[in-house]
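Starting from the given sequences, assemble the full structure and let the hints guide the process.
Protein chains in written order, with the numbering used here: chain A, 1 to 787; chain B, 1001 to 1224.
No lab work stands behind these hints, which were simulated from the structure alone. Warning: the hint list may mix true and false statements.
[What the hints assert, rightly or not] Some, not all, of what chain B presents toward chain A, calculated at C-beta under 10 Å:
#1 G1052
#2 D1096
#3 E1105
#4 A1158
[As the list claims (entries may be wrong)] Covered by chain A, according to a simulated footprint, are these stretches of chain B (three or more residues, beta-carbon under 8 Å):
#5 1071-1081
#6 1086-1095
#7 1183-1196
This one's a predicted model, so the numbers in the text were calculated from it and none came from an experiment. Glycine included, each C-beta is placed from N, C-alpha and C at the ideal position.
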Amino acid sequence: MFIHYLKTAIRNLRNNPVFNLISILCLAVGAIIFAVLEYEVDNDILFDNRLPGRDRIVTAALVQCFEDGQPDTVGCYLPKESRSYDSPAIECVFASVFDQKYGDSPGRDNTYTEMVLTEPNGAQVAVTGRFDNVTSNYFKYRGMTLMYGDRLPQNRREIVVKESLLKRLNIKGDIAGCVLEYSTPDGNTSHDTQLHIVNVIKDDKWSRRVKADIFYWTEGLRRVYAVLKEGYDMDQANSMLKENAYPWRIEGNTRLIVPQVRPLQDREQSQTDIWKRLLSVLVLITGMVCYLSNLITSFIRHWHDNRLRICLGSTRNGLTEMLSCQVLATLLPALLIAIISTLFLVPFLNTLDTRIVYYHLPYVIMLELMVTAVVLLFCILVVAIVIRYINVSVPEKKNALSQRERKLLKYALLTIEIAISVMTLNGTITMIATAPRPYCPLSRNELKHILTLDMRNGAFDQHRDIIKSKIGALADIEDMLTTEMPLYPPDDWFNRADVEEFNHYDASQGRVVADIHAEFIFCDTNYFSFFKIPVRHMDYDRSMDGVFVSEELWNKMGDNVPEILHIWVMDDYHYEDAIRTTHRIAGVFKERMGFIKRPYDGYFAGPFNSQHVGHYLFIKFRAGADMKAMKSRIKEICQEQIGNFNDGCIGTMGGKWLGTSYNTRIMIMLLFTAALAGVLMVLLSIISVISADTGARRKEVALRKIHGAKARDIARMFIRPYVWVLLIAFCIGYPCTKMLPGLQETPLFTWRIPLVLIITAVVMTLSTVWKLRRIMHTNPADVIKSE
Amino acid sequence: MIEVNNLQKIFRTEEVETWALNDVSFNVADGEFVAIMGPSGCGKSTLLNILGLLDNPTKGSYKLQGVEVADLDENHRTDLRKGVIGFVFQSFNLIDELNVRENIELPLLYMGVPAKERRRRAEEVMERMNISHREKHFPNQLSGGQQQRVAIARAVIAGPKLILADEPTGNLDSVNGQEVMNLLKELNQQGTTIVMVTHSRHDASYANRIINLFDGSIVKELPL
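This is the structure in structure tokens:
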């Protein structure tokens, strides 16, 4: 029996390949995108929901208020001597020390990180390694983001795990993972490779020992967690922490950083997480609706056969089995496509700046299986209910369903489909319109006209000034900036009043008006990472007290703007100073390199991460300058001075932007691709439903044509009810968008209303016209005969 | 074979009450060939639905092989129908996704007959209906006459005692119609009881008896 059902189902697939392909692909795409995005978000936010003792897990956040009034959550370096955390209220701290964009090491000489992470289930995860200023990516273990290198094939990583266990650390236990990474961007293994071992040590008790450098990065601290000791609640723990304020004090700093613990649910979801979740839901809903509506249409088409089967001896349960088999025949290919695509997608995502790593593959696939299983169960339920209402009588094709039933069902389906489409379109358009994207404040042409010269190489050491002056003397140069290693500033430098002015520059007023810290997430990260200004935390072992702009050079900025501006950066011991400095830097860059074109909506000006402190020269040329010639000229100048000059030191700002925004762009591209897949599915589902409807009325069209109806009359006959369907569906679907994650606060009445309405109307009209054209061009006699 | 007494079938909607069958009584003996005639809307198809155990009468008695079936629920009706009643329809009603052999095998499938046995019996019937050469073809690849032969093959494969034919030649040309009627006659001569609804006097002439229906009532019974 099963084989018979399966054979019939497969023939069904073959008989309507386009129709079935659309529904299979829609479901597959929905399942893939849902599983991947949902897992990514879930892994980051809800990983600990599955852990025992989760009610004692809290976020450990350090809050400080800056002098300029900007509240922020920051962490700090724990002084060496206080690394063993022994708070009376907190059992242990576990953290993802290395976060997405800020995962680099804090410095060369004091970056040895040792950490024992103890999970509530008793497993200990030891992380140890030497971090250097490397191109790194992130290793995730049970929701914690750790470091990993992205330049090794995965099988190599596995080998490293074993080797490192034996040779380097001699830690016994089950290894959770290990990663090798390189200190050189060229991936040359002969250079100073670094090992990071993640090892699970089985232990029945919680560990109090946490040896970790919990240091501040703008986003990193969101993932620092603590476990309260039994019997302590949040308030008790906080008052205890405030009283002791140990060990979160930073020596040598005037500020006291007060630690706090918060309920875990206070964790903020990043906007990207919300968008990812939104997209995952949207695409899944669309995929499922498209699949289900196609399935129901197919059932209606075969209604007559189902009645016939009952007439020939099948029971209703037998019929349910048969139709379930048909569902299975479409679900299995969808699942197969989803799994195969996931096998490629997850390793690809693993190489990007995402939280999906290769060993998440089984979980993602499991999620896809679950989606498929839910769809299957739902379909079986629907089929079982529908079958109960099949009217048994001598089957005649005409009376598969009564006219009224057919009409009702058709328009109900169409309305649901269009309503979901409207919801998806609205959600996707909102997301696309508001999604963060790598911001480039300069036009493509302007990017081309700024060259960068990397003078960090030791070969430049003795020649920097000469090179700068020679380059500065080139004819087409409009401006030039350079960044250098830290020096000691004059003490009164930070008291200069003009430093603050860069907090908020209002282009319309032409002046600084206010500080808008809240918006930094949307602009500053891209702004700074775009520049890659070599601003960074310094090695505190080198006793660098700060990062400063020399007063002498700063003064030159007044009326006589110098050709070369030296900018120095500071380390985290002087945090407020760093803020001012970076504000100043931002402002200078803004004015000097043309960034003033964009209304300045606020910078976050904390110490931010970069790969090196060094000598970068930014050279801005006048419009129309022959950049090729200029590049060769600069190359010649460097060649003359240092002899063995490496071409790679010269780049364009465009190239730099592309390089630094790579991960962001890829992430955005992936999100947009998922969004477009959603939109495409919407369009396909509208087309398939409209086609099915118009196709089912071929005979009616043919008869009307025989009796004198023209194309216009037929089109009007179809389009009129569709207008009502569209309006009703729009009224249902559009407000429903607010139920989607992340869109609760979205204003209802915006410019999206006409856009969504127009897109839906156009697609409906085009699909109707396309299908009708085909029907109208067929000989009506043939249509009637074939029906 | 069939005993029908005072059979009534009333279709009720909110506004209208339609008497499709009104006190219909007749008997059909084993091995008889009965034709039911009458104008459109006189209740022929309703009667056939009830005789085929696809529907229950509103009132009255219907005994099939001596068993009262008028009040049976659907599951019982389905069980009783299997292997006892075969259907032949005007519009053939073959399943488009199944080829000739699979269409013919369908009643056996629902009776739980093993695949080998199904195949053997299907081949036998196809041979008898002269459609063996079309075994792998799908309905849309067959002529009307061939489709109806497949439908008859499907109706007889389970060896039913009763065949209900609803205008079996309605969609066929005269040559194919003649062929189908010959087949039915042959089946009847082999002992199968046949109740056929038809508009055609010519087709009705193959029957032993004609029952004329008008407005849901039997107006005339003519033995031939």
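Tested hints:
1. The criterion of a C-beta within 10 Å of any C-beta in chain A is met by G1052/B, whose closest approach is roughly 7 Å, and the hint holds.
2. With a cut of 10 Å, the hint placing D1096/B at the interface with chain A holds, because the nearest CB-to-CB distance is about 7 Å.
3. Because the beta carbon of E1105/B sits about 8 Å from the nearest beta carbon in chain A, less than 10 Å, this interface hint is met.
4. At about 8 Å, the closest approach between the beta carbon of A1158/B and any beta carbon in chain A falls short of 10 Å, and the interface hint on this residue holds.
5. Beta-carbon proximity to chain A at under 8 Å applies to 4 residues in the segment 1071-1081 of chain B; the threshold of 3 is reached and the given coverage holds.
6. Under a criterion of three residues with beta carbons nearer than 8 Å to beta carbons of chain A, the stated coverage of the segment 1086-1095 of chain B is upheld, 5 such residues being counted.
7. With 0 residues carrying a beta carbon less than 8 Å from a beta carbon of chain A, the segment 1183-1196 of chain B misses the three-residue requirement, and the given coverage is violated.
When each numbered hint is compared with the structure, a violation occurs for hint 7 only.
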